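2 protein chains.
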Amino acid sequence: MPTLKQLLVGRPLETGEIQEQKLSKKAALAVMASDNLSSNAYATEEMLLALVTAGAVSLTLSIPAAFMIVGLLWIVITSYGQTIKAYPTGGGAYTVAKENLGINPALVAGAALLIDYVLTVAVSVSAGIAAITSAVPSLYDQRVGLSVLAIAVVMLANLRGVRESAAVFAGPVYLFIGCAYLLAIGSLVRYYFGAEVPRVEAVPAQTVEPLAGLLLLRAFAGGCTALTGIEAVANGVQAFKEPVTHNATIILYTLGVILATLFLAITLAAHLFGLVPLETETILSQLGRLTFGTGPVYYLIQITTMAILILAANTSFTGFPRLSSIIAKDRFLPRQFAHLGDRLVFSNGILFLGLAAGALVVVFNADVHALIPLYMVGVFLSFSLSQSGMVIHWLRERTPGYHWRIALNAIGAVTTAVVLFIVAAVKFTQGAWLILLAIPAIVLMFRKIRQHYFQVSSELSVASYDRVRDLRHTVVVPVPGINRASLGALEYARSISPDVIAVHVNVDGEDPERLTSQWEFWVEDVPLVVLNSPYRAVLRPLLRFIDEVETFRNDDVVTVLLPEFVPAHWWQRILHNQHGLILRGALSFKPKVVVTSVRRHLQR
Amino acid sequence: MPTLKQLLVGRPLETGEIQEQKLSKKAALAVMASDNLSSNAYATEEMLLALVTAGAVSLTLSIPAAFMIVGLLWIVITSYGQTIKAYPTGGGAYTVAKENLGINPALVAGAALLIDYVLTVAVSVSAGIAAITSAVPSLYDQRVGLSVLAIAVVMLANLRGVRESAAVFAGPVYLFIGCAYLLAIGSLVRYYFGAEVPRVEAVPAQTVEPLAGLLLLRAFAGGCTALTGIEAVANGVQAFKEPVTHNATIILYTLGVILATLFLAITLAAHLFGLVPLETETILSQLGRLTFGTGPVYYLIQITTMAILILAANTSFTGFPRLSSIIAKDRFLPRQFAHLGDRLVFSNGILFLGLAAGALVVVFNADVHALIPLYMVGVFLSFSLSQSGMVIHWLRERTPGYHWRIALNAIGAVTTAVVLFIVAAVKFTQGAWLILLAIPAIVLMFRKIRQHYFQVSSELSVASYDRVRDLRHTVVVPVPGINRASLGALEYARSISPDVIAVHVNVDGEDPERLTSQWEFWVEDVPLVVLNSPYRAVLRPLLRFIDEVETFRNDDVVTVLLPEFVPAHWWQRILHNQHGLILRGALSFKPKVVVTSVRRHLQR
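As you go down the protein sequences, you meet chains L and H in turn.
Numbering of the first sequence is given in our numbering, commencing with residue 1 and proceeding in unit increments.
Numbering of the second sequence is given in our numbering, commencing with residue 605 and proceeding in unit increments.
One side of the interface only, derived from the structure: several residues of chain H facing chain L at Cβ under 8 angstroms:
id, residue
1, 1073
2, 1096
3, 1140
4, 1178
5, 1198
6, 1202
Distance ranges between label pairs, derived from CB positions:
id, chain 1, residue 1, chain 2, residue 2, range
7, H, 753, L, 556, 47 to 55 angstroms
8, L, 141, H, 1155, 55 to 63 angstroms
9, L, 556, H, 1178, 26 to 34 angstroms
These aren't lab readings, by the way, just hints derived from the structure by calculation.
What you are looking at is a predicted structure, and each value in this text was computed from that prediction instead of being measured.
Glycine included, C-beta positions come from ideal geometry on N, C-alpha and C.
Only chain L is shown next, with the shape it has when bound in the complex (with noise of 0.2 angstroms):
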């Protein structure tokens, strides 16, 4: 019979099966790219919504911050292309970071990625949803639960396993890629050739002349969104084929080909139907309807968008228990997330990723605009510690052609940190400043945890220890009365050490003499010592009797054995005292005592 969790997870794997899968070129396009690509659900309208606020005449500003970010999403590949070749193991920026710049940068970069995982999902999840919102809108009121839902699935699914994964991100990917560019020409053709579409009219550029630099600024920042999830080329180039290098360079550069026309198309296409952000209804959405109508083609680019999103979030459930097992590794992180779970995943990374981000799409109300403020932050700081990695890599490795990789890579991380200071400032009031006070915490944290693991095993080291010593050791058993659940707990006592006391607490101000008189009839051989109580306290007389027997006998351990009877039914607990319990409790602090409990098992 399968338990639960083998239902829902699967049978347990061995060791020895886990296996890199290598990938195709047009297999890791598609693994690769759910994450970057499908920000194009999101990022014209986050760029729409920093323009909105300052009358429908600005968004004409959206133009040229797309091609500000186009331009900053050529710097980030070309700065990733060179990661590539000098990390063909597979270069994320905790890796890089740590090899080139010490383990503190290392560390924010770990922090930074691990929040961006966790946001990613929130976003990408809260994205997907809107897109089926959009298409029906009775559904929007119902958004935080199908979002909660749809992490609960990946989730699961991530718990088996995704070794199936190219299989099942190609269909969905190049579904979007082609649903994605049938929008963004049809839309163009529509709004140049079709008769009846709205068409805004010529803004003159002098309207927006004085907050047009500030703006354009908002705008970027909003829009930048559209470069997360580039960084996975070089983070998995280990999964290709060979020649390894070549082959994640081609999909680097293809992926931000096909990101750069589309974003610019889609921002274009928004802007000339002079489309403004709706509470309820995404940009993809407005645009979709008003190109083709409400009818199936519409209803197929909301689902593609959908599922590419799901995707994306997918791919943090590989990345997050990934990358929080290798900082766990190096002792940074609880070592449960060191482990690989018994379907050769690491469960407690992806439980933990699940809960957060569910956590964050509950808070945030499934809201993908609140939700970006605190995603750029990480994104554009692991980009630049990155990049100033890979500086300091050639300058120690002075490969032939160093100079310019340097500058290439100097550029890339200089540039990446003046757009970290731009969304930090022009988004911290939004949410920014959570994120801002989050790295260094977690920073901090990280370092806490490695002091304690170091901490533990230099006082449980065994550099200074003698040979395994003999001890000696009295063993106390307290007794309520006379019955089986005692005389059991004696027997065991007296199998343990020759040295042992019996001790009885008097509370009702019973006569003792019946008690001992007993006692010399079942238990001969064991002293028994009768503490009154005339306070009616248990524990105090029995806690103060061992402490009496630890400091004049001076043995190395005092055994305290309680005598327990476990009822047949849990609920019949809470009808005897726990006194066990509390003593267990209480003694848990004193060093040199051990404390057992002999249960004798009731039957009914």
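Once you have looked at the hints, place chain H on chain L.
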């Protein structure tokens, strides 16, 4: 340094310090009257509430209903006068029913009484706070919080022990009696001699004719709440000075006269002024304002009303713990209720009562009118069982004149049984059904508890036990590796048995050679078994191994010794695996396995 508990409830008291305090008649009236007399604060109002839905005109029925209730009061008092004679040591319904009717009626009476103690607290405190919020309407929204606070204060006072009670009671009770007469007489004087007060026109009798019978029953059922607490004198006979029976009887009749006159006068005055129950102001408060204006006399009436109601709640804090300890000594309730706490009070009963009443007040929003329907069923059920028991008592005793004693108690029993059916029927849908379900449920619980204790003591009985035997046992020590914790555990293991096996689960596919060679250096005389775990599980292989040891060794006991270390701070626990805890849980169901932790306490 006193602990927090000592600051709140005082120093522990010796068992010898317990003493029954004997009360003079004056003191006894004060102590025993509060529960009963305080019902004047809401009884008239409950009658009017039952009538007001049928229109203001039907309010005139409150006068005949009040006379019916006074008649019932006379019957009940006469019946209880008999109980005082028969049970000079205190004749609560549980005791009387148990001795005369058998255990099942006694358990029904016990359940009814326990419920009513809880309701007395909830109703009295809610009514007491209503007296205050009537005077200061701005506090109305805080009534639930204030009620809970009042319950907490009374509970704390009782946990300290309220030996000073007579002294505390006398002032407020006599002040309340004075104030209540002042109000009753004052308002009648004001009505007949005052000028500007509104007067109700005489209503032609036929107007209410069609429904009159039913309405009268409803008013009667509501007003019966005036009788609650009348049994206190019979329960507390042993507290009187000699001649006990004589003194108690005098107080019982005095109480009856005071109650009857106050109740009739207040009901008459309310009727004459045409008062109608309001949500935010009590009838007593309305009457006070009309008679004396909103001045010092009015405020004095409200404050003394609140005071006597809080005292009424306080009487339950003596009655409930005392009754539950009697029932617990009969083994029908958890034994924790039977023990005197260190202040010589039954602390568990006091805590339970406080929490239960607090919960009721919160659930019912401190609304007296919502609580009353729950109240009456238990009251009249215990009245009727108590009186029926008295009938049997006289039949057995056959003391001189037992015929007319039987007649008196039989009238009492039948009358209260009839009233029981009336209140159960009239109040059924308003909440009485809850109590009609709760009483059998509690009786069932009583019986289950007793059955459990009986089984435990028979299973623990040493009747068929051999003398204490010598046990053989094997010790199994699971070791994660060689460190101070595992070496410490091994030292302990060797000291309690010559038969020790260490066992290691190899999860990471590490080389077992390294461990075994180290092992030989540190612990030469304990064999080490290495279990390979291809699925990376730690616990399953260990449990299987322990099972095998149990089967093959066939010893009396297998001791599993867990080497554990205790981090210096609690939060550090989450940084370590909880294998010890889980193993302990999994092994706790095996009768022949003893699990012990040998702990190493870390310093930092």
